[in-house]
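Can you make the complete structure from the sequences, with help from the hints?
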Amino acid sequence: MQLYQMTAHELHRLLVKKEVSAVEIAKSVYDRTDDLERKINAYITLTKEKAMRQAEAVDAKIAAGEAIAPLSGIPVAVKDNICTKDVRTTCASKILHNFVPPYNATVMEKLEANQAVLLGKTNMDEFAMGSSTENSAYFVTKNPWNIERVTGGSSGGSAAVIAAGEAVCSLGSDTGGSIRQPAALCGVVGMKPTYGAVSRYGLVAFASSLDQIGPFTRDVADCAIMLNAICGYDPKDSTSAKVGVPDYTSFLINDVKGLKIGVPKEYMAEGIEPEVRKAIEAAIEKFIELGAEVEETVLPHTDYALPTYYIIAPAEASSNLARYDGVRYGHRTEEPENIVDMFMRTRSEGFGEEVKRRIMLGTYALSAGYYDAYYLKALKVRTLIMQDLERAFAKYDVLLSPTTPSVAFKMGEKIDSPIQMYLSDICTLSANLAGIPAMSLPAGFVGNLPVGMQLMGKPFDEGMLLRFAYTFEQNTDFHKRLPLL
Amino acid sequence: MITKADVEHVALLGRLYLSEEEKERYTDQLNAILEYAQMLQKLDTENVPPTAHALPMQNVFREDCAGDCLTNEEVLSNAPEREEEYFKVPKII
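For the protein sequence lines, the chains are A and B, in the order given. Quick note: the first sequence uses my numbering, first residue 918, plus one each step. Quick note: the second sequence uses my numbering, first residue 373, plus one each step.
What the hints contain is simulated information worked out from the structure, not anything from laboratory work. The structure presented is a predicted model; accordingly, all values stated were derived computationally and were not measured. Heads up, a few of these hints could be off.
Facing chain B, a subset of chain A residues (Cβ under 10 Å, in silico) [stated by the list, open to error]:
#: 1; residue: D1220
#: 2; residue: G1243
#: 3; residue: E1270
#: 4; residue: R1299
#: 5; residue: P1376
Keeping only pairs whose Cα atoms sit at most 25 Å apart, straight-line, the calculated PhoX-like set for lysine-lysine is [said to hold, decoys possible]:
#: 6; chain 1: B; residue 1: K395; chain 2: A; residue 2: K1011
#: 7; chain 1: A; residue 1: K1375; chain 2: A; residue 2: K1174
#: 8; chain 1: A; residue 1: K1203; chain 2: A; residue 2: K1182
#: 9; chain 1: B; residue 1: K414; chain 2: A; residue 2: K1002
#: 10; chain 1: A; residue 1: K1331; chain 2: B; residue 2: K395
#: 11; chain 1: A; residue 1: K934; chain 2: A; residue 2: K978
#: 12; chain 1: A; residue 1: K1182; chain 2: A; residue 2: K1153
#: 13; chain 1: A; residue 1: K1297; chain 2: A; residue 2: K1203
#: 14; chain 1: B; residue 1: K460; chain 2: A; residue 2: K1297
#: 15; chain 1: A; residue 1: K1002; chain 2: A; residue 2: K967
#: 16; chain 1: B; residue 1: K460; chain 2: A; residue 2: K1011
#: 17; chain 1: B; residue 1: K414; chain 2: A; residue 2: K1182
#: 18; chain 1: A; residue 1: K978; chain 2: A; residue 2: K935
Backbone N, C-alpha and C define an ideal beta-carbon position, used for all residues, glycine too.
Okay, structure coming up:
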């Protein structure tokens, strides 16, 4: 097995035993990236010089006999909407093509404190708006399992690098499924933590009440290690939660006997491809075999999650994206006639089609005369969706479903139909609306394309998700299969 | 039903210039999306409180003491145009 194919915990063991160096690991991943990037197109920016310096620092520490953190020397890729000091951060938008943040997002400070090695910044749908990474202003990232198919989105680059061996761990952001959906379509582990568990400081805002940063990894143990590094209260984010952070690796327990799984029937209904449903049914059988108690349950307002989300998220986005005006950073149009002309031309030149569409939709939903009918109505339905979940979690430890209704679809297949594209998030939206943690893990294949299983949990109960996921992983081999590249 | 005039009005609110072709397309697409969103009207939400935020948070206060912040140079480092310690924009008044 090559270094670039290994997990963070395996590499950590080799580093500590001095069997490999951090520089060798970084080189292995960069060589792999050099070989594959023309095919996959996952990175917008590579930070090789900085990465090599970081790796050398870790090696020096090991040589000096000092202890290292679990992520020290581990190559990590970061979605390009997370601010990295002195490293260009574009959000895959032309409007930020030249933006170099003078500060680090809190998660970057935490990764640097752990001496993780930053490989580069990954491609995404522009401003995280999309479900296929086809909305990047720069290029489309290809699915490592089949390069004619999408990676999912919006964190498509961060999912693809894990599947392809172009990174060991990565960070993405999830507003309506943007970590879990690409994790499912690329056959890797992805977790959206509870809203407030990870600081959003330095995450370029899309929909502030829904956005959350989370990890992509090759296995569940690495997911726990990444959570240990990035979770925790941050005074710089006023929505960050003041709760204790457990050692997430303590939940890597291979046992779910007597624990309760609810399977919402709305998530297994028509609209889910039969082959995907079959894979999830097999996963449920596996859990029964492992001693979990499984029951069908209902989340009656599930059908309303999509229209609710597509009012609330664009409304928040239209407000958040007002800051791109050509005054303080980013693109500015040439020779504007006056200030308003500058705003309008800067924005029209800088934003892509989907971003404009959501600004239009959100502005409309918030505008005089429509606020009550659309935005306020959506906020009330959000309450009903949360109440459904609260009722379910009074009975069950986790809720289990497919992550996506289909396996990776073909490029171009849904790009002309916004609603068809939005439907690919149907299983993932409710967790964001309710703020609860949810993860996707490999649970089968349709042909050669991965199927993702979603586990949703109670607020701040990431540990329970990890326990179920770890048990499943220890008793199956899906996560070991690699794409042929 | 959203008309082209509505789209033009909203584009101005959102500070976007749209081409004629974009106006046509967004009129159709916004109508399709909002028609889909009409299904929310089927639900009785008379006595349901709105949720703007998933965590039960009220005001968040902190001690009023100075911390580290960016320098002027750092803040101005991405300015499309600057003059001395200021962001420069076209004449407003």
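Each hint, compared with the structure:
The interface hint given for D1220/A is met, as the beta carbon of that residue sits about 7 Å from the closest beta carbon of chain B, less than 10 Å. For the restraint placing G1243/A at the interface with chain B, the shortest Cβ-Cβ distance is roughly 6 Å, inside the 10 Å limit, so the hint holds. Taking 10 Å as the C-beta contact cut-off toward chain B, the hint placing E1270/A at the interface holds, the least distance being around 8 Å. Of the supplied interface hints, the one on R1299/A holds, with its beta-carbon coming within about 5 Å of a beta-carbon of chain B, less than 10 Å.
For P1376/A, the suggested interface contact is upheld, since its CB lies about 8 Å from the closest CB of chain B, less than 10 Å. Taken as a hint, the K395/B and K1011/A pair is honoured in the structure, with Cα atoms around 21 Å apart against an allowance of 25 Å. At most 25 Å may separate the alpha-carbon atoms for a hinted pair to count; K1375/A and K1174/A meet this at roughly 19 Å. With a CA separation close to 18 Å, the supplied pair K1203/A and K1182/A stays within the 25 Å bound.
Proposed proximity of K414/B and K1002/A is contradicted: the alpha carbons are some 48 Å apart, above 25 Å. Pair hint K1331/A plus K395/B holds up; C-alpha atoms about 21 Å apart against a cutoff of 25 Å. A C-alpha spacing of about 13 Å is found between K934/A and K978/A, which places the hinted pair at or below 25 Å, so the restraint holds. Of the pairs offered as hints, the one joining K1182/A and K1153/A is violated, with about 40 Å between alpha carbons and a cut-off of 25 Å exceeded.
Among the hinted pairs, K1297/A with K1203/A is inconsistent with the structure: their alpha-carbon atoms are about 38 Å apart, more than 25 Å. About 43 Å separates the Cα atoms of K460/B and K1297/A, which puts this hinted pair outside 25 Å; it is violated. Among the hinted pairs, K1002/A with K967/A is consistent with the structure: their alpha-carbon atoms are about 12 Å apart, no more than 25 Å. Pair hint K460/B plus K1011/A holds up; C-alpha atoms about 21 Å apart against a cutoff of 25 Å.
Pair hint K414/B plus K1182/A holds up; C-alpha atoms about 21 Å apart against a cutoff of 25 Å. Using a Cα cut-off of 25 Å, the hinted pair K978/A and K935/A holds, with the two alpha carbons roughly 11 Å apart.
When held up to the earlier numbered hints, the structure conflicts with 9, 12, 13, 14 and fits the remainder.
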